[in-house]
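Novice: Single-letter residue listing:
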Amino acid sequence: MCIYEDQIGKFDWRQTYVGRIKFSQFDTVSTAKKLIVATEENVLAALHLKTGQIVWRHVFESASSGNIQLLHVSDKVVTVTGSNPYLVRGWDSSTGVLIWEWSLTLQDNDHAEFSEWWVQHGLLVHMLPIFNSHIEVTMYNLMSGQNRGATSKLPAPWVNEGCVLTPPYYTCVSGNMGEQRLLTVDVTSNAVQIINKPLFDYISLDVFDGNMRPLDANSALPGFIIDEKKVLLIKNNDFEQLNIDIVGASVSATIIEGPSEQILLQAWDDKTMGFSLIAHSVSTGKEVPEIKCSDRDHRIPDPELAAVMCTKTAREQHACRILINGADDAIHFVQQAGRVLWTREESLANVVAVEFVDLPVSETDAAIESEFDQKEGSIWAAFTRRLQSQFQQLQTLLHGLQHADRAVASSNTNDLVRDYFNLHKVIVLVTEVGKIIGMDNLSGEVLWRRYEPSLSTASLAVFTRRTARHPPLDAYLTIVGTHEETGNGLIISLNPISGELVGERSLQLDGRLLQCAMLHRADEEKLHGLVVLYEDETIQVFPVSSAPLVEDMYMYVAEPETAYVRGYALRYDGKEARAQAIWSLRLGGAGPGSPGHRIVHAAARARLERTHSPGRALADRSVLYKYNNPNLVLFLTEGPDPVHKEVVRAVAVDVASGAVAAAGSHRRARAAPHHQAVHADHCLAYLYRSEKHRRFEIASMELYEGKERWLPAGAAFSSFASERAPAVERQAYIVPAAVTAAAVTVTERSLTDRHVLLALSTGAVVEVPWAFLDPRRPLAPTAEQREEGLLPYAPELPLPADAVLNYNRTLHRVRALHTHPAGIESTSLVLATGLDLFYTRVAPSKTFDLLKDDFDYHLISIVLVALVVASYGTKHFASRKMLKMAWK
Amino acid sequence: MSSVEDEAGNSRYVIEGRVFPPENQVLSNWQVETRIHVNGGEYIGFIKEDGSFAVHNVPTGSHVVEVVHPDYMYEPVRVEINSKGKYRARRVNYIQTSQVIQVPYPLRMKALSKFRYFQIREQWRLTDFLFNPMVIMMILPLLLIMVLPKMMNDPETKEDLKQITNLAKMSEMPEMSEVITNLFSGGATAKASNSKAKQIKKRQ
Numbered sequence: 001m002c003i004y005e006d007q008i009g010k011f012d013w014r015q016t017y018v019g020r021i022k023f024s025q026f027d028t029v030s031t032a033k034k035l036i037v038a039t040e041e042n043v044l045a046a047l048h049l050k051t052g053q054i055v056w057r058h059v060f061e062s063a064s065s066g067n068i069q070l071l072h073v074s075d076k077v078v079t080v081t082g083s084n085p086y087l088v089r090g091w092d093s094s095t096g097v098l099i100w101e102w103s104l105t106l107q108d109n110d111h112a113e114f115s116e117w118w119v120q121h122g123l124l125v126h127m128l129p130i131f132n133s134h135i136e137v138t139m140y141n142l143m144s145g146q147n148r149g150a151t152s153k154l155p156a157p158w159v160n161e162g163c164v165l166t167p168p169y170y171t172c173v174s175g176n177m178g179e180q181r182l183l184t185v186d187v188t189s190n191a192v193q194i195i196n197k198p199l200f201d202y203i204s205l206d207v208f209d210g211n212m213r214p215l216d217a218n219s220a221l222p223g224f225i226i227d228e229k230k231v232l233l234i235k236n237n238d239f240e241q242l243n244i245d246i247v248g249a250s251v252s253a254t255i256i257e258g259p260s261e262q263i264l265l266q267a268w269d270d271k272t273m274g275f276s277l278i279a280h281s282v283s284t285g286k287e288v289p290e291i292k293c294s295d296r297d298h299r300i301p302d303p304e305l306a307a308v309m310c311t312k313t314a315r316e317q318h319a320c321r322i323l324i325n326g327a328d329d330a331i332h333f334v335q336q337a338g339r340v341l342w343t344r345e346e347s348l349a350n351v352v353a354v355e356f357v358d359l360p361v362s363e364t365d366a367a368i369e370s371e372f373d374q375k376e377g378s379i380w381a382a383f384t385r386r387l388q389s390q391f392q393q394l395q396t397l398l399h400g401l402q403h404a405d406r407a408v409a410s411s412n413t414n415d416l417v418r419d420y421f422n423l424h425k426v427i428v429l430v431t432e433v434g435k436i437i438g439m440d441n442l443s444g445e446v447l448w449r450r451y452e453p454s455l456s457t458a459s460l461a462v463f464t465r466r467t468a469r470h471p472p473l474d475a476y477l478t479i480v481g482t483h484e485e486t487g488n489g490l491i492i493s494l495n496p497i498s499g500e501l502v503g504e505r506s507l508q509l510d511g512r513l514l515q516c517a518m519l520h521r522a523d524e525e526k527l528h529g530l531v532v533l534y535e536d537e538t539i540q541v542f543p544v545s546s547a548p549l550v551e552d553m554y555m556y557v558a559e560p561e562t563a564y565v566r567g568y569a570l571r572y573d574g575k576e577a578r579a580q581a582i583w584s585l586r587l588g589g590a591g592p593g594s595p596g597h598r599i600v601h602a603a604a605r606a607r608l609e610r611t612h613s614p615g616r617a618l619a620d621r622s623v624l625y626k627y628n629n630p631n632l633v634l635f636l637t638e639g640p641d642p643v644h645k646e647v648v649r650a651v652a653v654d655v656a657s658g659a660v661a662a663a664g665s666h667r668r669a670r671a672a673p674h675h676q677a678v679h680a681d682h683c684l685a686y687l688y689r690s691e692k693h694r695r696f697e698i699a700s701m702e703l704y705e706g707k708e709r710w711l712p713a714g715a716a717f718s719s720f721a722s723e724r725a726p727a728v729e730r731q732a733y734i735v736p737a738a739v740t741a742a743a744v745t746v747t748e749r750s751l752t753d754r755h756v757l758l759a760l761s762t763g764a765v766v767e768v769p770w771a772f773l774d775p776r777r778p779l780a781p782t783a784e785q786r787e788e789g790l791l792p793y794a795p796e797l798p799l800p801a802d803a804v805l806n807y808n809r810t811l812h813r814v815r816a817l818h819t820h821p822a823g824i825e826s827t828s829l830v831l832a833t834g835l836d837l838f839y840t841r842v843a844p845s846k847t848f849d850l851l852k853d854d855f856d857y858h859l860i861s862i863v864l865v866a867l868v869v870a871s872y873g874t875k876h877f878a879s880r881k882m883l884k885m886a887w888k
Numbered sequence: 001m002s003s004v005e006d007e008a009g010n011s012r013y014v015i016e017g018r019v020f021p022p023e024n025q026v027l028s029n030w031q032v033e034t035r036i037h038v039n040g041g042e043y044i045g046f047i048k049e050d051g052s053f054a055v056h057n058v059p060t061g062s063h064v065v066e067v068v069h070p071d072y073m074y075e076p077v078r079v080e081i082n083s084k085g086k087y088r089a090r091r092v093n094y095i096q097t098s099q100v101i102q103v104p105y106p107l108r109m110k111a112l113s114k115f116r117y118f119q120i121r122e123q124w125r126l127t128d129f130l131f132n133p134m135v136i137m138m139i140l141p142l143l144l145i146m147v148l149p150k151m152m153n154d155p156e157t158k159e160d161l162k163q164i165t166n167l168a169k170m171s172e173m174p175e176m177s178e179v180i181t182n183l184f185s186g187g188a189t190a191k192a193s194n195s196k197a198k199q200i201k202k203r204q
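Sequence order for the protein chains is A and P.
Take the first sequence: its letter number 589 is residue 589 in the UniProt record's numbering, and every next letter is one higher.
Take the second sequence: its letter number 106 is residue 106 in the UniProt record's numbering, and every next letter is one higher.
Extracted from the complex, chain A is given alone in its bound form (with noise of 0.2 Å):
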């Protein structure tokens, strides 16, 4: 359950993110230079410049208050958080320490979210636009928050919601149609000056659609793109307009500070050139020649100039360094001439779906296989391709032993083949901005990635339909979301091991889905058909020809907002595949008496989960059965009540027939936000916040048919034929820490205990064993109880430090964990994700099929050499001795 202290990293990866990039600053001053960035994620970092490594990381509230609004770097780092109140604070560059910090509340709290902020002579700024109406500006000592003077209000009834601001100018187009101004002003200087201009002086007016956007990468000079063809300058208390066209629409441009000069840098990605990049200096209209790039091999979708450095060097006119963001939340760090220094995949930091999928077995193994498929031939022929296949399998052993030296595994596709005990795996990861990762489980690199930018993850399905057990085919994994645009149904299917797309590739569907599932038969080509419920209550089977296989199939849908649950039967009836509703369950309570209620989770098995075990022994010898019903999903609500304040319920339903196996409910508690309830054989656990005792509670099920099977042994589970309902043994226990991720340990073949994993606010994933979440745990056990091995009940749950799976590798905002298992039966994977990634590996019941890791192999091949040498050297003094006996 815990390692030693020489096994880190030996299981076990840590990526580190930090989500997508908000602004972005070069730290020139301190003396090892650095990248500060704040993200959307509500974090700021310092990347190191040379690898991209995180330096330091401050990881804010993932709540609104924990919003960055301003970064500003300079001999320090400055941060603004929060969404009034505000909180300001700054930090040594180097080190990452906090070195000041004061709260700022506005007044007025229902214009707060348009404020603007920035930092100007060593003062803070706070510009508060009110439209059609003034500007309020505020500026504050940076240090201390001291107002330096009162609020000054500008009247500005020009101000409206297009306004763009390069401070310290802010900058309108206002005015009827046809008669557009464009106005600016400077906020902070004393004496009011507005730049008033008309707009036809710099566009033809009859196509303005309003369209103005300021200059990226805080850029050196203030300006703006206006109509995404020219660029505007403010100079001199007037417009310059640049000579420079904008190449295309989605350019980001902006100005930088150069060696000699001002250059306007364009970023953009070309349809045929791939990403592209131009530089043109400002005074002279000319182009850079030495910046400039067209990379056909490197697409960054809408790449945006995040921060751009240049400098002088001695062999080079221009050294620059750019840093890259695209619109698939990765980002890149490029030399003036394309080079790719470093990329950081930060679409990790908000994984949706994750699947482990098994790696095909390697060539000589399927020869082997394929081997035994071939049933027909004499005797000979077999004894021929036995022959064959052996002398492969020695050329690939001669040809390992060969190249052993430098066999340390360089992983390219060719190397994905499945391992002896089925640990090497890749995991597919969907992020949430629609890039569709494969990664290698063992390291933890990026195999393969695809972007798809019409894919909304807001609810997403993967599934595995085809493993990579079946050579020649390969494997095949499908991802239903729903399309960014139009909302429908989207599916794409690819595979897994290539990230290629295959069969219904990328398909749109024609109307919105309800749910989706995978039929339990495969068909000839050992494809699992996928079955889509759309909303008008009609089903579609991809492909078509495995509409046959529909039968008795179940599926059910479940409203959040409202808890009602249906369920639907699933019939071929000879022409197409029908579906039909069967029975429906408001878990919220009937009628308008409880309103308000919503299922914050719904809990069903792993698909995966396979029981070996029918009972648990008792201390008497007899049995008790579990009730073992594959159908049973935990559906997790809360909801006001009237007495309680708020009420959570847990109900077990079974989705084939609608019936309620186990209910429970607790009063004035509160469900936690994320996947907090586990569910696995028998055994369901589920958490929740007591507000009464201002305490996390975990409770726990455990569902028993009785002490007499209700089918013969053998039988399968029949949701139908069951009227009884099981016993449910209960019990809650405290956890004493902010639980945000649980899940249970899954092996292959559920014979190994089952431990229940706990991701803490404080970073950690805590391993648990079942045996105390146990609901049979006694007060005073008695001697048969203690025989079975139950442990006395103790309220508080125990959380050692030694069953922390990630020791002090701390994992921020873990927001779900992931389990799958492994080709042997002690081993279960884990992944966790959240802004961190972290994968592992637990044997809930120690490694008892392998052979520990610290085997000493010395000793036992000393001493069997040892024993033989012993044996033989006795056998020769024993025939000495008798001959000399035999002499005297």
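Because the hints were derived from the structure by calculation, they are not lab data.
Any given hint could be a false lead.
[Said to hold, decoys possible] To be clear about the criterion: a stretch of chain P counts as covered by chain A if any three or more of its residues have a C-beta under 8 Å from a C-beta of chain A, and this derived list gives those stretches:
| # | stretch |
| --- | --- |
| 1 | 35-41 |
| 2 | 53-60 |
| 3 | 111-122 |
Heads up, the beta-carbon is just placed ideally off N, CA and C, and yes, glycines get one too.
Take the given structure of chain A and dock chain P to it, following the hints.
Specialist: For chain P alone, coordinates are given in the frame of chain A:
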């Protein structure tokens, strides 16, 4: 410094305190690694160079303040702020929630101990090595082979040993006797039969 925020119109409060790094441990940059979590990360505070911290904009109510450090354990504290803005800090007790053991406010958080995440590998010790079953398996036959014949030279022990052998023979333990007879076959057989006779006599 007043505890209430300057613009405390909506009654937001500050929880203040100081974190002490583990003593006689020079940790570089422990301030960055240490975070203050209020209510499991609902409000987060950061530590200044000297270890002091302030968590701003906390509403009235009961809050659990934790100091989170990857390597050192700190005891959490429950801070209660009443509607008048009075502070009370007490020990966290999840089981007896009404029990009050007050602790000083502003908070002084001291590291309790280092987290023990790892099992300790067993050290290599001679006794462990000697009592290793494999080693015993190797040493014991050696002893039998090397030491026993030496002991044989002593006539008394020889006699004793023979008796033991015979006893073993009587109680039908074929393995041991067979091994020994095989080893010391030759002249020994005659004597063995002799002693057998003796024993029978004795019994009579």
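Novice: None of the hints should be skipped; say for each whether it holds.
Specialist: Going through the hints against the structure:
1. 35-41: holds (count 5)
2. 53-60: holds (count 3)
3. 111-122: holds (count 7)
In summary, the structure agrees with every hint in the numbered list given earlier.
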